[in-house]
Amino acid sequence: MSNTQRPTSPHLQVYSWSLEMALSIFHRATGVALGGGTLLITWWLIAIATGPEAYDQFRMAMGSIIGKTILLAFTFSLMLHLCNGIRHLFWDMGKGFDLEDTHRSSKLVLLSSVVLTLISWAVGYGMI
Amino acid sequence: MSLRSPLGKVRGLGSAKNGTHHWWMQKITAVALIPMTIWFVSSIVHMTQADYEIVINWMNSPVVAILMMLFVATSIYHLKLGLQVIIEDYIHEEGSKIALQMIVTFGCVVLATTALFSILKIAL
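Those sequence lines, one after another, are chains A and B.
Using my numbering, count along the first sequence one by one with no gaps and you end on 128.
Using my numbering, count along the second sequence one by one with no gaps and you end on 124.
For the record, the hints were derived by calculation from the structure and aren't laboratory data.
Do not rely on the hints blindly, as some may be mistaken.
[Claimed, not checked] In silico DSSO-like links for lysine-lysine, alpha-carbon gap of 30 Å or less:
#1 K95/A to K107/A
#2 K27/B to K95/A
#3 K68/A to K97/B
#4 K107/A to K68/A
#5 K107/A to K27/B
#6 K27/B to K97/B
#7 K97/B to K9/B
[What the hints assert, rightly or not] Cβ-to-Cβ under 7 Å is the rule here; a few derived chain A residues that face chain B:
#8 M21
#9 G35
#10 G36
#11 T38
#12 L45
#13 I46
#14 I48
#15 A49
#16 P52
#17 F90
#18 G94
#19 S120
[To be verified] Label-pair ranges, simulated between beta-carbon atoms:
#20 F117/B to S16/A: 42 to 52 Å
#21 A99/B to A29/A: 28 to 38 Å
#22 L124/B to G63/A: 21 to 31 Å
#23 D98/A to K9/B: 42 to 52 Å
#24 G107/B to L99/A: 32 to 42 Å
C-beta: ideal position from N, C-alpha, C; glycine also.
Isolated chain A, as found in the complex (with noise of 0.2 Å):
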């Protein structure tokens, strides 16, 4: 390693932030806060394997506004994981790299996982 103090690129200071930036950070930031949704499920199904008052503990937490709030993030970082994830999966396959395509990609992406998760909690209070 050189020691010179020249930037390092990344530079994230001197970017102007675009969509597509973002996502890309999000994407990998919602995949973390989806290793912490693992742990809930896990903490769900042992709560179903160990008994009706586990289970009810387990409902309580989750009913409650800090636990309300948590599943909301748990189910917007799995639709934009999901979503941001199947364009991945074009990219990889060489399709969708223009500016055009990626711009509205970008926001079909964002527009998705919001109303995906719209959807989930809509069913989830049986408005739907």
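Please arrange chain B on chain A, whose structure you already have, making use of the hints.
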């Protein structure tokens, strides 16, 4: 001085011969997770108000139990691969890198075993 020849010294120090295996596994699990995530979310949204009896009856079905096990196992494998890359990208100190990789691997294996055991306990 060493008795080892120059060739012997460098043998095995090159590529780990894994090639694109990690990337490919990440992609295979990603593709598999698309239908499984859709199944999981569309099932779980009907369980938000469910009593214990309803959840137990639902998970007692072999199809549900098998799908749940596949979903959990595939997710955690995908998670392990993803976290591994993040550590490789951001942690440059060799000791903490290896320690973190081990924590992630052990954690994921423990998580997967616990989740799979719970599903079996419910369903069997």
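Hints versus structure:
no. : hint                        : in the structure
1   : K95/A to K107/A             : holds, 17 Å
2   : K27/B to K95/A              : holds, 16 Å
3   : K68/A to K97/B              : violated, 34 Å
4   : K107/A to K68/A             : holds, 26 Å
5   : K107/A to K27/B             : holds, 23 Å
6   : K27/B to K97/B              : holds, 24 Å
7   : K97/B to K9/B               : holds, 25 Å
8   : M21                         : violated, 16 Å
9   : G35                         : holds, 5 Å
10  : G36                         : violated, 10 Å
11  : T38                         : holds, 6 Å
12  : L45                         : holds, 4 Å
13  : I46                         : holds, 5 Å
14  : I48                         : holds, 5 Å
15  : A49                         : holds, 4 Å
16  : P52                         : holds, 4 Å
17  : F90                         : violated, 12 Å
18  : G94                         : violated, 14 Å
19  : S120                        : holds, 5 Å
20  : F117/B to S16/A: 42 to 52 Å : holds, 50 Å
21  : A99/B to A29/A: 28 to 38 Å  : violated, 23 Å
22  : L124/B to G63/A: 21 to 31 Å : holds, 29 Å
23  : D98/A to K9/B: 42 to 52 Å   : holds, 49 Å
24  : G107/B to L99/A: 32 to 42 Å : holds, 40 Å
In this structure, the earlier hints numbered 3, 8, 10, 17, 18, 21 are contradicted, and the remaining ones agree with it.
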